[in-house]
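Single-letter residue listing:
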Amino acid sequence: MLGVVPRAVLAVLRLCPGIVAAALSGCGRQPPSVVVYTSVDDVFARPILNGFSRETGVRVDAVYDAEAVKTTGLYYRLIAEKSRPRADVFWCSEPSRMLLLEAAGMLASYRPPTAAEVPAAWRSPGGAWTGLAARVRVIVYHRDRLRGSAPPRSIADLADPRFYGEAAISDPLFGTMATHAGALRARLGPTAMEEFFRKLKSNAVKVLPGNSVVRDRVASGELLCGLTDSDDASVAVLHGLPIGVVFPDQEAGFPGVEGPLGAFTFPATVGILAGAPHPEAARQLADALLRPATEEALARSESGNLPLREGLEGPQALQVPDPLRRMDVPWPALAQGVEDSIPFLRDLFVR
Amino acid sequence: MGLILSPIVYLAAVSVVRSGPLFSAYGELARPEVGPILGRTIALALASTLLAAVLGGVAGLVFEARKFPARRLLGAVSVAPLVLPPFLHVAVWERLAAPGGLLAAAFPFAADGKGFPIRNLPVAAWILGSSLSPVFFFLARQGLRAVPDELVDAARLTRGSVAVWTRVILPLVAPPMAAGAGVVLTMSLLSYEVPRLLDVTTYSVLVNLNYGALDDPGRAFAAAAPLFAVSAAGLIGAEAWADRRGFSIAGRERRDRCDPCMRPGVTAWCVTGIYWSLTIFLPAVVLVSLVGRPIVLARAWLTDWEKILSGCGMAVAAGIGAAIAAGALLLPPRRQRLLGILPLGLPLALPGALLGFAGIHLAATGPFAWWVDGPGLLWLAHVVRFTPIAVFILRAQLRAVPQDERDAAALGPRGTARWLDAWIPLAAPGLTAGALAAALFSSTELSATILLAAPGAEPVIVRMYNLLHYGPERDALAALCMFQVAGAIAAAAAIGCIGAFLARRR
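Chains A and B are the protein sequences, given in the same order.
FYI, in numbering that gives the first Met the number 0 the residues of the first sequence are 0 to 350.
FYI, in numbering that gives the first Met the number 0 the residues of the second sequence are 0 to 505.
Next up, chain A with everything else stripped away, as it sits in the complex (with noise of 0.2 Å):
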């Protein structure tokens, strides 16, 4: 009886991955709520994104970036499917990628009620972004090994013969790595930003995949000094590890600069795509994550941010120099800069 349809049998079992396929996809969990890609790092954006659920019932499903190829791998992503995006928000660990999405259309204009609190220079004028939680991109060094003789002091001392192979940077393709090489381009002219990253290159300078490889590396005596990011630094001090942190070129002393060319610091920020497949909670979840508690949040734990608004407590790990000086970068120079600086150092640095 049952031998009557063997091609249709053959049939269905090679249709098989399909069906299986349509039925992980149509009886998997319900469509989320809403969806957020993040480069800020797992640890510190998911109790926030959990609280959030909690606190509105709202579910988050969140994408988080791999720290090797951090926040350029998700801004990739999101030009991949723009055609159809899957996500509703994207909260960037940086300013760089979000004004690069900006430039394209990609955000939806939206202005958050606690967006006035934020200072106009860390908000998009036309409301597709704006910015919260500064991070200070800092020199860690190894308090043992550099005990006795001076620490870098800035960012140019890396290039200095004393830290021969003995210094690192993350990959400056990706990540804080690449927004501070754009930002040394647009502040410094296309000339004396590649003379900088020559001069590391030519003092063996170690390229690393990720700022926590750094500050680990750095900590673990395997390398005297480093660049970083602040709240690796925060991290590393509060857990006893034998590093020193300098924010540097506080003073004057970067060549062909007159005066401090001060540290970069740059803010993260959150956007809404445009086409968002769940508006309605890509706004809630904008307005709670632009809240002033969440900088507090992030100013109070680990990663030790430094909030944007005035008059909110700022982190405790670390000794942040009271006026911070910082490098100033407008932020449509600071894209070009990103982009611009890309073909140099894969010629530089990818070998």
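Read the hints as simulated data drawn from the structure, not as lab findings.
One or more hints might be untrue.
To be verified - Sample of chain B residues lacking proximity to chain A, with all beta carbon distances greater than 10 Å (derived):
no. : residue
1   : Pro98
2   : Ala153
3   : Leu171
4   : Trp268
5   : Cys496
6   : Arg503
Stated by the list, open to error - Under 8 Å between C-beta atoms, here's a sample of chain A residues computed to sit facing chain B:
no. : residue
7   : Val34
8   : Ala79
9   : Leu172
10  : Pro208
11  : Ser219
12  : Arg290
Heads up, the beta-carbon is just placed ideally off N, CA and C, and yes, glycines get one too.
Keeping the supplied structure of chain A fixed, place chain B upon it in accordance with the hints.
Same frame as chain A, now just chain B:
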């Protein structure tokens, strides 16, 4: 076949279309660093394959030839390290090499106060080789089991035991070892995380950086072309050679090769002990010491149970999917031209990031758009990537099915009943082994998984990789790693149960 090859066709087409008439995307290949990096990558892959063959192959042969206590349990445990992703082996060796660690203490002259130097090509080869050696352990056992007793006995009558091994047993074990070498070589060539974490710039690292930095699939595929070609040549060449030599597994081999054999001596214990120490004992000790207290396990479970179950479910689904695809391609058993099967190996030779990239683009713009929001897309990518392994294993097993059983099956009932009562039970060992292999590899796949995992439903391995970069949470990473191992074992057990059910009808 079309579905399995679709990512490669897509990427190749994009690389040509975006290149224009002068194939400018392929101009990447003229960069001066390409040759040295490719050479370094091939050297790393060959060294790690050789190390894996020596470590796992010798241990597997010794283990199969001697009567070890708790043999079945030990045999299963010996291949379990495959479920540990290689990048976790790096974390283990980093801990051993850190100042005050075992290596630094044992070799103080090399440590120089900064820890034992592990960020170099030989250590990368060592870590890749030891983490992939269970492939050889498994295949060496399978190969030895398939050697006919009568042949060995006849050889023993005229030759000494050394000659029996060198002239009879090893040549017959060579085909499965070659098949394993093809897989290990490909995995080593494509490994991105291990060389990257150890500061060794390989071609795979170069491809991933190009992909990540440029958002240009055409150029990335063009840049990956030499790696893809070398991987595919190594994989397909090894599989073709093994196939021609009549490599067969899980067929009518003896269930227990060592009935008449001896108990293990000191040498046998030493050989297997070295293997177990490097692949099981050291990682286990480091992981347990990192976890520290049971509360860490409980916390990890409460935080990430969805991801743990997601990873386990994805491994089972990918294994079953790959086995079904292999069955659809190879059943009912018939003569098939090798050339028609070998191209199926190509997706395995494709860098994972490129597979993920093709998946995103095909899903966002093509006929698979309705799968995008669920886990179906990731499942499909894993099936595409690991079906070649299931196909090769099923093909090897079908070769071992006696002709009289095939003839009997062909004479039996027709249609569905023939499938249920004849073909599937006959192929059950191969389908099960193929599904198991696909599930194990799927559970540790990272590059494509990072890109294709559905929001909020990523398998636990993605979370583990992120935690790897957050030093203070190493205890959570170790706890998740234990759950990853448990999940993979549960997945293997589930597939084994299904396979046993199917085989019972034989």
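Okay, the hints, checked on the actual structure:
With a minimum CB-CB distance of about 6 Å to chain A, Pro98(B) fails to clear the 10 Å threshold, and the non-interface call is violated. For Ala153(B), the shortest C-beta to C-beta distance to chain A comes to about 43 Å, beyond the 10 Å cut-off, and the non-interface label holds. Under the 10 Å C-beta cut-off, the non-interface status given to Leu171(B) relative to chain A holds; the minimum distance is some 34 Å. Against chain A, the non-interface label of Trp268(B) holds: every CB pair exceeds 10 Å, the least being about 36 Å.
Annotated as non-interface, Cys496(B) keeps its C-beta farther than 10 Å from every C-beta of chain A; the closest such distance is 18 Å. Every Cβ of chain A is farther than 10 Å from the Cβ of Arg503(B); the closest lies at roughly 19 Å, confirming the non-interface assignment. Nearest Cβ of chain B to the Cβ of Val34(A): about 4 Å, under the 8 Å cut. The hint holds. A distance limit of 8 Å between C-beta atoms decides the matter here; for Ala79(A) the minimum to chain B is near 5 Å, and the interface restraint holds.
About 4 Å separates the beta-carbon of Leu172(A) from the nearest beta-carbon of chain B, less than 8 Å, and the hint is met. For Pro208(A), the shortest C-beta to C-beta distance to chain B is roughly 5 Å, which falls under 8 Å, so the interface hint holds. Taken as an interface hint, Ser219(A) checks out: its beta carbon lies about 6 Å from the nearest beta carbon of chain B, inside 8 Å. Of the supplied interface hints, the one on Arg290(A) is violated, with its beta-carbon coming no nearer than about 23 Å to a beta-carbon of chain B, more than 8 Å.
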